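Asks: Sequence:
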Amino acid sequence: MKYTAYALSDCFWKARERIHSFQDIEMFSQTWIHCRGEDYDLDDRPGLGRSFDGIGGLSGGGATSRLLVNYAEPYRSQILDYLFKPKFGASLQILKVEIGGDAQTTDGTEPSHMHYEDDENYFRGYEWWLMREAKKRNPNITLIGLPWAFPGWVGNGENWPYDFPDITVSYVVSWILGAKQYHDLDIDYVGIWNERKFDSKYIKLLRYTLNKSGLERVKIIASDNLWEPITSVVNNDKELQDAVEILGVHYPGTNTVPAALKTGKKLWSSEDYSTFNDNVGGGCWARILNQNYVNGKMTATISWNLVASYYEELPFGRDGLMTANEPWSGNYVAESPIWITAHTTQFTEPGWTYLQTVGHFAHGGSYVALTDGKGSLTIITETMTHDHSVCIRPPLLPYNVTAQNVTFHLKGTFASVSELQVWHSKFDFKTNKTVLFQNLKPIKVTKGSFSIELDVDEIYTFTTVTNGQRGSYPDPPPSAPFPKSYKDNFDVSGTPYFSEAPNFADQTGVFEYFTNLTDPGPHVSTLRQVVTQRPVTGVADADQTISVIGDYKWHDLMVSCDVYMEAEHTGGVFIAVRVNKGGGVVRSTRGIFFWVYADGTYKITNDLSGMTVLAEGQSGTRARVWYTLTLTVKGNYASADLNGYPLWKNAVLWEPRNGWAAIGTSSFELAQFDNFAIEALA
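If you read the sequence shown in my numbering, its first letter stands for residue 31, the second for the next number, and so on.
Simulated from the structure, these hints should not be mistaken for laboratory data.
Distance ranges between label pairs, derived from CB positions:
1. K664 <-> Q468: 48 to 56 Å
2. A392 <-> L426: 14 to 22 Å
3. G244 <-> H416: 48 to 56 Å
Straight line, CA to CA, 25 Å or less: simulated PhoX-like cross-link-like pairs of lysine-lysine:
4. K679 <-> K633
5. K664 <-> K679
6. K292 <-> K227
7. K664 <-> K583
8. K477 <-> K441
9. K295 <-> K234
10. K165 <-> K117
From a predicted model like this one, the values you see are computed outputs, not experimental measurements. Just so you know, even glycine gets a beta-carbon here, dropped at the ideal spot from N, CA and C.
Could you build all of it, start to finish, from the sequences and the hints given here?
Replies: Have a look at this one:
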């Protein structure tokens, strides 16, 4: 890897050395062409391209930051610094969050600020906290909210949010107003409904209501799905065109459509990446950050997800810019996408402008150049090969990249630049000696030109910006499994900072801290399942509620929990072990489930849906009484106790062989849990 201002005579003699016979003349020609390389002008005189809007991460869609809040200091703050602190790590310029809707939205549920029509609480969940932490580090960060789902009351019993658009609009606008009133957060953009159909009437009413509420500055992104049909509808509806600020598309494969360009709107890849964050994932991110603009004129790219802070065995494990899924150990990893992001974000700001002179290299790869309009210049190049930059979606057509020499000619405002700072990353898939975001010595610009030898799978930043930094902290604690012995009595003094108990990952329903004022005894502070109506959602939530916890590798263990059914006659609760699924496939979850019901019965099932019954009988249980359930599984045998008395023992089990522990209810109903305990036996 070299860079220099080449003299053409050097290239000539390098090629000439290869000539030993008449047959070598062709080799001379090829070497001469390769050595000279290709020339690329960077010039602002023909005018500038589109305004750069930033690179960001997405928390939610869903529950992707769930475990982050449970990290102890200083590790939690270190993770946040790698994500948001300017000139340190990823230096993210956009944070997009889910507007929680009480529903399963990929890796879990996120609580709504309005579980019920007469309920408002702007301190549930962790997205408020995350936005505050991001703003604390970067006051200029752009904030976006987008619903993935809505509480059931918004749909008035239907799985559709547009039948009563005034209700849905009021619900969304209340979230924006609450962000300001309770957290002093100014939301910059709001979306419609993640990857679902949009409704033009709803969008127009949303714009009208935002304006009427003094929120003219809050702009609308539509429709967080495909380019069509939103593009055609916007082109043919002047009122809708006025209402929508950004055309946001998901996983565009770096390409746009002519009709989108015709709208004159800003174009964003408002959700992208979603790829395992190893070095191939880093290569994917490097390629699309450049080529989303080169190919698609998209001026912002947002990664799903921000940080992989959810159990890795849930869907799309480790599909984040970094990994932080062990709050019990404190371990986290600033993965390669963090440093790939830094190649752009540490040397640009939203409001900078792309040059028109951007594009593809002749031998593969791409380059972009941006300016602040005041003489600053940043150039980012990538030469990621096909197999080392495949994203999870869409399919990537074959292409070739080879090592090459390139010469950049700085013209116009940049002709007087004499030196550029250099930052370099190199993915090494052969010897595993990958280098990420390394500061090299500055490159001299001679008479407006400089040359560089580009190898495959490299990223360079050449910039006039001098204050980039590869931030670092001492290594975090080593990785460790979830504790084999774990207890939580859910006793929190005063108002808890977070509404959810540590390490529980709700997969259907919402489990929140609750103060039980009707119980002056030992169960004043409990964990309560609070969702009483199926949410409006595009994902198949289970018919039961469930929250998982622990080590997915567990197979022999004992779980106990005090339970309290609030629904007379119809109530039902469970504890479970070896729970093998979550996320969007939660309906097909299997495990060993110990249920008791308010009608005086119990049941042991091999699945969450309760279809495979291993044992059943009378339990004498009823609503509004506390019971202690204990479930023990060892090898192929399971036993269950109610208040210390065996209900059944030594039931024969086969599958699944391992999985999480869990608690839950038989339907969307109120129920409470207390004194949860796990003892992993193997």
